[in-house]
Amino acid sequence: MAQLTVHWGNSLEDFADHLFGELTAKSAQTGINDIFARRDCIVVPNRIQQAWLQHHFLFDMPRGSTPHVLANCDFPPFSLFINDWLNQISPDNQPGRPDPEKHSFSVKSTRWRIFDFLLRDPLDGDFDPLRQYVRSRQTTAPNSANPTGARDPRKCFKLAGRLSALFDQYVTYRPAMMLDWSRGAPADLPPELRWEPALWRQIITGAENHTYLALYQRMAAHLRDCGIEQKYRRVFVFAPSMMPPVHLHFFQLLGGILPVDFYLFNPAPEHDWFDRDSLRARALSGNLAERPADNDALLDLRHPLLDAYGRGSRDMAAAAIDLTGGEIHDLPAPAPPPPAALPTVLAALQRAITDCDASLERTPLPADGSIQIHQCHGKMREVQILRDQLLRCFDDDPALQPRHIQVQMPNLNDYAPYIEAVFSTPHLDAETTIPFVIADRVATGESQAAEAFRHLLELADSRFTAPEILDLLRYPGIARRFHLSPDDVASAAAWFNQAGIRWGQNQRHRQHKTNALFDAATTWQAGFDRLFLGYALGSTPPPAPFPGLIPCDAVEGDNAIRLGHLARFYHALTQFADFCAAPHPLADWADQLDALLSQFFVSDNETYADIAVLRSAIRLLRTSADASDFAGAVSVDIIRDFLSGHFNETAGGADLHRNAVVFSSLRPSSTAPRRIQALLGMGDSLFPRVNDRPAYDLLRATRRMGDRSPTIEDRQAFLEVLLNARQKLLILYPAFSEEDNARAIESVAVRELTEYIQRRFAPAPDAPAPIQTFTHRLQAHNPAYFTSGSPLFSYSTTACKTAQALLQPSAPAPGSTAAPTAAQSPPIIHVGLDELISFFQHPAKHYFTKILNASPSPDGEIMLDDTELFDASHLLNWQVRQRLIDSFVAGEDDAARQRIHETFTADGLSPFGTAGAQWFAKLTQEAATLIQESPTPDLPPLADILRDRQTLEPAELVVALPVHGVTVQVTGNIHLHPKYGLVKFRPSSPTASARIATWLAHLLANAVTASAHPTSLSVLRGRNKLDAAIFHPFTSPEAAQTLLATYLDIFLFQAAPPPRYTPDTAWEFLEQKFRKNEPDAIAIDKAKGKWHNPYGGLAYSGEANAFYARLYGPDGPFEPFDDFCTAAERIILPMWRHLNMEEQP
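In terms of this note's numbering, the sequence shown has 174 at position 174, counting the first letter as 1, and numbering is strictly consecutive.
Honestly, the hints are just simulated from the structure, not real lab data. No incorrect hints appear here.
Capping the alpha-carbon separation at 25 Å, the derived lysine-lysine pairs in PhoX-like fashion look like this: (1) K155 <-> K513; (2) K1090 <-> K845; (3) K1086 <-> K1076; (4) K801 <-> K379; (5) K1086 <-> K845; (6) K26 <-> K231; (7) K1076 <-> K1090.
Please model the entire structure based on the sequences and the hints provided.
Here it is in structure tokens:
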């Protein structure tokens, strides 16, 4: 006669050996016909246990008479196994392998039912709390028919999702209560919660026999009709940590059909760590599921760690006693290992737990490294340190295999990117390569396709900004679908920028989004028109059919093909955005989304798995809607919420059958026996999770044994890790904040473990616990990891080289460089004047772009703007003034100058509308006035000087100077007028940054010759007039050469990192200190005013802001103060003195 046999123990290896032994013994007694007619079934909690069982069978269990081949055996997970066989007795029996999501009352289908009810029912009476919650914030007029406001569909859908999951738990954990609700029995609930049974009755009306509750009722009478005995000879249920009572009842009934062996994890099977007789008596007197959760009369806990971590095991053991009437089979105890001279701390801890030895008698043990705690700085360092620890384990034990290691963490999604970054390597056969697999993770966290898909769904609400459209193209799958390479996408960014594209499909789209009257300039339509017209006509003004359209000649040659691909991509986006703008039935949404995938995504060897996840989400949308009979039209907001929720629930993961380190979430039943167990993320706020059930959740107030609890589940998982670590347990946690390096504490579970080990195994009450604890450094290249005798170590060759560089003595000062011998040719360094000027005008930009070959923007990409200008920047004013002045000097007419305005407007660089016209007219008048002024009384008007300058050929000036033993040759092309000398004009404000260009050119001109004419003028735009600074001639070339050599010294030998200054802050500091005789403290405060914007942020804008902020941070270059002073006095002070002292050099 078939029966249910429950075996319990604390060794999964013993479970596996017994299971496979039973399997082999029973197979030997089976006839040849039955061997091929029926299979065996091992029901497992998850893929991790399945892979471990198969590895154990193949590699680790004693062979004996057990064959090496495991055939005709299935390994279904619990939930899928139960669903499959309940489907066989369901009125909705699905042919073939059933899809749980097609069930009429799956969580997703129930969500659509509740959503439909919340949207369309009056929600009066008992439902008034729901009506108050889901009403829209936009209330109607007091006299309207709906004074409380319309329903907010998104609120309805989100609430429906929470309630469908809640009802699913009610059906599983409170079937008797739900049965009473279904029958309309009065519920003993407060008035504010009476909507729950009423809502349940509403959504099951007409389908009472199709719910899972009805299936659970049918089990007792109809499970024998499922036909499972025709497929399986026997069923083994392997090591569930927790299981709802109704599922246990399923296996109990199954035991009446065919043999069922149930292997149950019990931390201390040889000891009554709870009162079994009392528990059994209570179990026989009534249903276990109806008893309170923590009845102290049931417990006689005999170990503090079992008390802290063992509630999950206790509940499951109690349920098993209830299931079998107390008939539990203890597996034969394994032969004890040979006695060791001194057990490890880990082994002693495990023995104390399994023996229920709560004695406080101290057994001193040394800190042998079997349990280690690593205090780290953030997630990346945790993973880096873990890798080094595992490499040390492989070095210490040549027999250790990657499959002997498991790493778990509370939230795998947070750590998955760091795991892949640290453990992935292109050199799979390298000595430090560790094969790894990530067992379970959320699909959206690992899929760029899901991220791009979500962005496409946001287009209906989008302003169609240039950055977000370009971001879609930067997803490789979309770019490949439209035949665009990464270089093509970079070119597209430049084209969009040159065409002035900012946001909006067209003028009508802008007006719809803002209810404001915008013109068409800087929209996508205008930008593409400009690009196509520029390709056809170049920069030639368009003919009459294109009034007001300025061509943009950014595209030429074969690039027209790529521009066509971009236009096709943009057109497809607008079509989909138009579809998303209106509500549609779910079937239409599913059809459109399927077409969207085909239109925008390439499914290849790299992306097919990600595309499959997206298609499964769309298929789920279709099947759940069909199963619920939902026929309403919904907006894109609802579709986004549905798909995003599915992505967050979708478990991915790699093949676990490889010989690889397993990374997984820390959950009950996820731990398999391994030589090395490691835990990441064991911080106080990270583990264990808190029980955050909402106030309306009835399971929150009336918890019973067996109910789900995140806190109990996490503590159960922690206990399983402790007992399944065979040689070493590594615990890592973020002990320092990633934001401010503030100290953080470990999880309470880790703290309880440490305190117990200290009380039990430390040599004295005040001695530390015999656990090796390591406080790690912030950086992997800290020299402490590569210092002999340090407890810290690293296997990173890159970090080692960096640490060596840090420990090397500083390079000798430039002045100590040995001069070349007579037999050697002296080296010559060539420096261009423009390069010298660029460095001293903007040291941060020169450092990043010329020395580091880097950019403050991500990957050096062009950063597109997404707004039009409402106010002109200083840089824009300067650019327009320069163009206008050039126009006046060239003698152009007003129409040419108006075209300048039109071009800047089309490029998105001019303020819009009337404000832009007034701004341009003001600059035009200002430019006309400026060029009629004379820089100094003895000079002609500026327009004449600039016209004369255009007739001059630039003179190439060259000077060679010795700088620290090398010859530096400086070359510059300078316009020297016979009468005026050097005149540099910029229509910008008089700043030190602008003056320094003239100063350095003046030095070069005077270093070459000291004749009368190298007087230099720096002509800038002051307040509505010209501001001319006169650089007088030097008395000798040597004086200019000495100063120029100083600048060359800084440029060549002190540019990495650059001096801590900016020209304008240094000038202000010197003005306060030398002109106004202010003390350093006041002078530096005034200088900081040139750094900080009075409205917040940096005073520098645009590109300068990005470079300076990256180099100096938000506080500027003022610390160390001595460095700032030295830079100001060496670089800016010579120019300041030259311009401010009466006696010139």
